[in-house]
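Number of protein chains: 2
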Amino acid sequence: MSKKYLMTPGPTPVPEDIRLEMAKPIIHHRTKEYQAIFKEATEGLKKIFKTSNNVYTFTSSGTGAMEASIVNVLSPGDKIIVVRGGKFGERFADLAQAYGIEVIPIDVEWGTAPEPEIIKAALKKNPSVKGVYTTLCETSTATVFDIKAIGEIVKGTGALFVVDAISGLGADDFENDKWGVDIAVCGSQKGLMIPPGLAFCSVSEKAWKYAETSKLPKFYFNFKKYKKAWLDTDTPFTSAITLVIGLKKAVEKINKQGIDNVIAEHNAQARAFRAACNAIGLKIFSKSPSSAVTGVNTPARINADDLVKLLKTEFNVTFAGGQEHLKGKIFRCAHMGGIDREHTIESIRALGQALTKLGYEFKAGAGVAAAEDILH
Amino acid sequence: MSKKYLMTPGPTPVPEDIRLEMAKPIIHHRTKEYQAIFKEATEGLKKIFKTSNNVYTFTSSGTGAMEASIVNVLSPGDKIIVVRGGKFGERFADLAQAYGIEVIPIDVEWGTAPEPEIIKAALKKNPSVKGVYTTLCETSTATVFDIKAIGEIVKGTGALFVVDAISGLGADDFENDKWGVDIAVCGSQKGLMIPPGLAFCSVSEKAWKYAETSKLPKFYFNFKKYKKAWLDTDTPFTSAITLVIGLKKAVEKINKQGIDNVIAEHNAQARAFRAACNAIGLKIFSKSPSSAVTGVNTPARINADDLVKLLKTEFNVTFAGGQEHLKGKIFRCAHMGGIDREHTIESIRALGQALTKLGYEFKAGAGVAAAEDILH
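Protein chains in written order, with my numbering: chain C, 79 to 454; chain A, 79 to 454.
Read the hints as simulated data drawn from the structure, not as lab findings.
Be careful, since some hints might not be right.
Which copy? The list can't say, so a pair holds if one copy fits it or any two copies do.
[Stated by the list, open to error] Within a straight-line C-alpha distance of at most 25 Å, the following computed DSS-like cross-link-like pairs (lysine-lysine) qualify: (1) Lys405 to Lys110; (2) Lys293 to Lys157; (3) Lys287 to Lys303; (4) Lys102 to Lys331; (5) Lys165 to Lys361; (6) Lys110 to Lys306; (7) Lys117 to Lys334.
Please build the complete structure, drawing on both the sequences and the hints.
Structure, rendered in structure tokens:
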């Protein structure tokens with residue numbers, strides 16, 4: 079295999095037409111030409127978020143937009159509920175605490191989704207809570223949370239509902255407005271299939287009310303500056319111009335296919351990959367598997383990091399390993415963004431060959447057969 | 079003229095070989111391949127900054143790194159001196175105030191550089207000051223400040239010396255270590271000739287001492303997280319991978335030519351452009367003109383924005399207009415990054431033609447002749 083297959087949960091492969099669009103001579107950002115691109119990109123994003131709220135674009139990693147979702151709506155001493163079911167839920171808690179916010183953690187076992195009832199109980203017990211912060215797809219555990227159900231619970235309260243949709247958007251079902259999400263955070267290098275460097279926040283009217291009284295210090299990520307610049311189809315600080323140009327092309331592609339079709343396609347690839355793993359005797363790590371990324375336990379005697387390394391060096395397939403205490407125990411394969419059926423099937427083939435090389439025995443071809451059963 | 083000439087002080091043109099390098103299929107950032115690129119890029123940057131300090135890379139606009147230079151070393155209630163000689167000096171003050179820092183402003187007339195003696199006096203009057211924040215090249219007024227002289231003054235005090243070198247680096251002389259700079263801030267889309275989206279901070283030992291006791295809240299821009307990740311040749315949050323790949327190529331090109339030669343070349347272009355303007359009767363706005371960008375007063379009856387618009391639409395030359403109260407009064411032409419002699423000469427030709435079209439009279443060809451006298 080000389081072609082390379084990037085199957086990591088961010089960055090995902092950037093389609094060639096998007097790469098070439100970004101490689102054109104750069105243009106200045108305070109021009110009508112750029113404004114038209116920026117407008118189309120951000121309006122297109124709203125369809126992907128399924129929101130009528132503005133979606134603001136930051137030049138930063140996803141974590142920057144997570145920070146924005148805290149510093150813009152909270153004040154020192156505020157309390158929030160944070161669901162910690164993996165590395166990124168933990169990051170929300172760390173971020174809030176760095177800003178002097180009191181965190182009421184809801185810890186769920188890695189690989190499982192939180193019971194909505196537990197959040198309901200926590201909200202009842204802590205009626206002064208200013209927000210419920212959670213994750214759509216917890217990338218570190220490849221687990222999707224029931225945002226719709228949690229949204230139903232938060233909706234009737236005074237708390238904001240903030241969702242880190244960084245790696246779920248465009249692969250897992252997500253309905254910003256219908257599910258009552260006040261701030262959804264996203265990044266560019268996952269389902270949106272452009273390189274990392276842009277991050278996004280949708281901001282609801284309810285969130286704007288909180289923003290009016292928020293006292294946490296901020297400048298670079300200050301929503302109000304972005305709202306003001308929005309009136310001139312602009313950002314307050316120089317955007318990552320080439321990435322916005324790529325974003326425009328990417329959202330155009332996604333919306334041409336239709337976001338529901340895009341999600342269905344990635345869901346099919348995820349199901350196919352899981353079926354393939356099961357068919358060769360591997361166990362899926364998550365009890366609530368995401369369509370954005372799949373985490374897989376390696377067989378007892380195989381270290382996941384060895385498998386990932388072998389796949390990369392000898393098969394040109396890049397999976398991700400496990401993080402924190404899952405290191406060496408699971409590998410992760412993404413299904414979002416520019417990842418297509420060819421990538422999925424070739425990864426399954428390579429996975430089988432690599433496992434064989436590591437001494438694992440299974441019925442040859444069973445993985446690809448199971449996947450093709452789903453993808454026909 | 080069908081070729082386009084981007085002469086704005088950021089973004090500057092991105093050379094074709096850098097654009098094509100960034101257009102290759104994306105790679106994952108937690109790989110040896112990427113680590114080697116990241117290491118080469120950041121080590122190369124140190125030569126351009128002329129520093130032995132680490133230079134940390136943020137995925138953000140330049141303003142993000144300006145924020146980093148405040149939140150990492152100061153605590154609520156601290157006092158700093160900020161030189162306000164244009165839009166970007168003002169931004170430092172606004173940023174500091176947003177974080178509850180008391181600002182002692184040194185206001186200098188737009189288009190002039192601050193007298194070092196005034197800074198000396200301010201430091202003497204306010205011995206508890208924690209930092210002196212200033213600009214290398216104030217882009218809004220195309221004015222270079224005497225950082226060397228200010229550095230001499232700050233060196234003997236307890237205050238940190240923080241320099242916004244966003245648009246000066248790579249065009250105006252700059253010696254991070256020799257001049258006693260504790261934090262130098264830079265952006266990617268100016269002298270470093272890649273697209274916007276990356277920003278940098280060099281951090282001295284003295285600055286690290288301040289960082290140890292700093293109490294301002296921070297997370298995304300927290301130096302300590304970058305220092306820790308640096309040990310693994312990594313960043314704490316997913317970097318703008320393609321921009322780092324471009325950066326590696328750009329610093330390679332700059333260091334191959336030699337930073338002093340690069341600066342001398344841009345200085346020659348700047349002198350040539352100023353000579354051309356003078357030769358056709360235009361007045362340079364700044365009393366301390368930068369080699370990164372030149373601001374030029376338009377003749378009395380010509381609105382600078384009309385001239386900029388005409389040059390863009392009919393001559394494919396993009397200059398920048400004036401900002402704030404200079405809007406309509408000056409235009410700005412950059413000389414840094416990917417801007418070369420051809421760009422400079424063609425811009426002068428186009429400027430002459432556009433001025434003629436607007437009814438301004440001057441000796442035909444005098445501008446190009448004066449510029450060629452300098453560039454031979």
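Verification of the hints:
no. : hint             : result
1   : Lys405 to Lys110 : between (49 Å within a copy, 18 Å between copies)
2   : Lys293 to Lys157 : both (14 Å within a copy, 21 Å between copies)
3   : Lys287 to Lys303 : within (15 Å within a copy, 32 Å between copies)
4   : Lys102 to Lys331 : both (18 Å within a copy, 20 Å between copies)
5   : Lys165 to Lys361 : within (21 Å within a copy, 58 Å between copies)
6   : Lys110 to Lys306 : within (18 Å within a copy, 42 Å between copies)
7   : Lys117 to Lys334 : within (17 Å within a copy, 40 Å between copies)
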